[in-house]
Amino acid sequence: MIRAYGLTKRYGEKTVVRDLTFTVRPGMVTGFLGPNGAGKSTTMRMLLGLDAPTSGRSTIGDRAYASHPAPLRQVGALLEARSIHPGRTARAHLQALAHTHGIPRRQVDAVIDRVGLGEAADRRVKGFSLGMGQRLGIAAALLADPATVILDEPVNGLDPEGVLWIRNLLKSLAAEGRTVFVSSHLMSEMAVTAEHLIIIGRGRLLADTTVERFVRDAGLGEITVVSPEADRLRALLAGPDVRIEAADGRPDTLRVTGADGERIGRTAAAHGIPVFELTPRRASLEEAFMELTRDAVEYVAHDDDPTTPQPTPTSQHATASQGAAT
Amino acid sequence: MTGRPDDLVTQSQQGQPRQQRQPRRRSAGSPTVAVAGPPVDYRVTWPRVVRSEWAKLWSLRSTWSILAATLLVTAGLGAVVAGTYQSGDGDGIEPVELTLLGTQFGQILLAVLGVLVTAGEYASGMIRASLTAVPRRLPVLWAKAVVFGSVALAVMFATVFLTFPLAQVFLSGTDMAAGLGDPGVARALCGAAVGIALLGLLCLGLGALLRSVPAAIGAYIGAVLVLPEVVGLLPYDVVDDIVACLPSKAAQALMMVDPGPDMLAPGPALFALCCSVAATLAVAALFLRRRDV
Numbered sequence: 001m002i003r004a005y006g007l008t009k010r011y012g013e014k015t016v017v018r019d020l021t022f023t024v025r026p027g028m029v030t031g032f033l034g035p036n037g038a039g040k041s042t043t044m045r046m047l048l049g050l051d052a053p054t055s056g057r058s059t060i061g062d063r064a065y066a067s068h069p070a071p072l073r074q075v076g077a078l079l080e081a082r083s084i085h086p087g088r089t090a091r092a093h094l095q096a097l098a099h100t101h102g103i104p105r106r107q108v109d110a111v112i113d114r115v116g117l118g119e120a121a122d123r124r125v126k127g128f129s130l131g132m133g134q135r136l137g138i139a140a141a142l143l144a145d146p147a148t149v150i151l152d153e154p155v156n157g158l159d160p161e162g163v164l165w166i167r168n169l170l171k172s173l174a175a176e177g178r179t180v181f182v183s184s185h186l187m188s189e190m191a192v193t194a195e196h197l198i199i200i201g202r203g204r205l206l207a208d209t210t211v212e213r214f215v216r217d218a219g220l221g222e223i224t225v226v227s228p229e230a231d232r233l234r235a236l237l238a239g240p241d242v243r244i245e246a247a248d249g250r251p252d253t254l255r256v257t258g259a260d261g262e263r264i265g266r267t268a269a270a271h272g273i274p275v276f277e278l279t280p281r282r283a284s285l286e287e288a289f290m291e292l293t294r295d296a297v298e299y300v301a302h303d304d305d306p307t308t309p310q311p312t313p314t315s316q317h318a319t320a321s322q323g324a325a326t
Numbered sequence: 327m328t329g330r331p332d333d334l335v336t337q338s339q340q341g342q343p344r345q346q347r348q349p350r351r352r353s354a355g356s357p358t359v360a361v362a363g364p365p366v367d368y369r370v371t372w373p374r375v376v377r378s379e380w381a382k383l384w385s386l387r388s389t390w391s392i393l394a395a396t397l398l399v400t401a402g403l404g405a406v407v408a409g410t411y412q413s414g415d416g417d418g419i420e421p422v423e424l425t426l427l428g429t430q431f432g433q434i435l436l437a438v439l440g441v442l443v444t445a446g447e448y449a450s451g452m453i454r455a456s457l458t459a460v461p462r463r464l465p466v467l468w469a470k471a472v473v474f475g476s477v478a479l480a481v482m483f484a485t486v487f488l489t490f491p492l493a494q495v496f497l498s499g500t501d502m503a504a505g506l507g508d509p510g511v512a513r514a515l516c517g518a519a520v521g522i523a524l525l526g527l528l529c530l531g532l533g534a535l536l537r538s539v540p541a542a543i544g545a546y547i548g549a550v551l552v553l554p555e556v557v558g559l560l561p562y563d564v565v566d567d568i569v570a571c572l573p574s575k576a577a578q579a580l581m582m583v584d585p586g587p588d589m590l591a592p593g594p595a596l597f598a599l600c601c602s603v604a605a606t607l608a609v610a611a612l613f614l615r616r617r618d619v
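As given, the protein sequences belong to chains A and B, one line each in that order. Mapped onto our numbering, the consecutive letters of the first sequence carry residue numbers 1 to 326. Mapped onto our numbering, the consecutive letters of the second sequence carry residue numbers 327 to 619.
Each statement offered as a hint is correct.
To give a feel for the contact side, a few chain A residues facing chain B, derived at Cβ under 7 Å:
(1) L48
(2) L50
(3) P69
(4) R73
(5) R82
(6) G87
(7) G102
Don't read these hints as lab results, they were simulated from the structure. C-beta: ideal position from N, C-alpha, C; glycine also.
Construct the entire structure; sequences and hints are all you get.
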């Protein structure tokens with residue numbers, strides 16, 4: 001359980017994080033979304049006590065992080081910037097951290113196994129690929145079997161196999177009852193791993209919602225149905241949890257929310273209604289996210305520094321995560 | 327925020343000690359990294375942080391090579407200087423001073439290691455991992471100082487007590503012949519070891535303060551080694567008194583059998599040097615507490 005109360009971080013005139021209040025609950029993956037530069041990393045560093053908030057405060061496991069007698073037992077963290085000396089072997093790095101908490105050697109071996117570092121554990125980190133460095137970072141995070149896991153952009157730069165591995169890991173950590181807080185600038189990535197979303201833009205909280213609700217509000221889960229007997233089909237599908245809209249100016253096209261493709265198809269088949277098209281709308285998830293954050297940028301631009309560019313997710317990353325999804 | 331009523335998940339996850347959390351999780355049959363056997367008492371203690379810093383120091387190759395170089399360069403130069411020495415060359419130089427000329431290089435090597443122990447963590451980002459594991463921060467600095475200080479002291483003792491007898495092999499029969507039993511010699515050798523180890527510790531403090539390897543080494547060479555020589559040229563007695571108390575001069579005084587009138591006596595020199603080191607570490611500690619990482 002992570003709680004943030006009015007977290008604010010200012011560097012001189014520039015406000016990087018502005019009055020963030022949110023709760024991250026155990027047993028599920030919570031995605032922390034925002035464009036690059038939105039303040040995600042700063043927020044995470046404040047949660048871990050690495051950066052002091054200008055105002056506000058946060059607790060992890062109902063206490064400030066630094067006040068825990070065994071901090072690694074409470075929180076395992078993977079920060080975006082590498083936090084490993086390249087001259088040490090992976091095992092020496094983990095062992096050095098383990099010593100601070102009196103964590104036994106067999107536990108170091110266990111996390112090395114769990115992240116699949118294997119024989120690379122005795123090589124110096126200098127020669128590690130990005131993916132192996134990321135696995136080592138996660139091994140360090142899991143070292144003391146923590147109740148909460150905080151990961152900053154864990155899939156950044158990973159190959160499809162690595163992305164898939166992280167996804168499965170996040171889900172299994174959440175299934176084990178841990179609090180899992182993962183940042184990303186890719187909505188598409190969070191949509192497949194997270195249950196809950198905390199979205200920020202320019203340091204402000206934009207949305208604190210479930211993925212399901214975000215998807216629904218974004219018009220996602222919407223299915224476009226094209227049928228010559230659209231009106232009849234519409235009447236058959238109608239129900240309390242089903243929303244049906246007519247497409248603009250196209251009498252043969254319906255936009256259905258709340259019923260999946262199977263139900264629509266079977267209903268149509270059972271009544272002999274021909275269906276020409278049955279298309280779930282998917283691509284707009286990222287669009288909806290960008291729309292949300294773009295608004296924030298414009299809003300902030302009036303009373304804040306207007307010159308800072310607002311990078312959007314690169315196509316390279318999007319390609320990598322889509323590749324892994326298939 | 328304790329005692330805040332919350333949902334059931336929260337209660338079971340956070341409201342109870344971990345000894346109860348772990349079996350619950352394991353009984354669910356999930357593939358965790360939970361430790362087999364009884365729950366281990368994980369907590370950060372001061373000896374454990376020292377143990378961690380000890381492991382960190384020795385798991386880097388640079389530690390081994392710098393310490394080996396310190397010893398070899400000092401002893402090697404001592405042997406070369408002694409081997410080429412002819413009576414009458416050493417104008418006003420003491421035998422101990424002559425044999426330990428190599429410490430001029432040795433102390434810089436040790437200073438670099440001191441800087442690497444602290445500033446090196448900022449260069450690699452390791453400091454974020456270190457301070458996440460020990461978020462109270464200060465134990466990390468103290469542990470680094472204790473570990474590095476003891477190692478530096480041990481290595482310097484080995485170095486000077488190896489170099490002096492080695493050099494004396496070549497110096498027997500010259501006017502620089504001296505033995506460990508001669509008055510003040512053993513004390514001067516100990517003083518050299520302690521003084522140089524303390525200078526190394528000062529550099530560890532500079533590294534923690536400046537968070538940059540080049541900046542800290544620059545500050546050491548500029549402010550600690552060169553500045554006293556330059557300022558000492560000023561024609562004021564007060565300045566000379568102050569310069570004598572500066573770290574490099576105090577360390578130099580410590581390795582003299584007979585410190586002249588320009589230098590502090592061994593006791594005051596040790597005191598002055600310890601004060602410099604303590605002040606540097608104190609400021610470094612203050613910064614470490616206050617600043618973001």
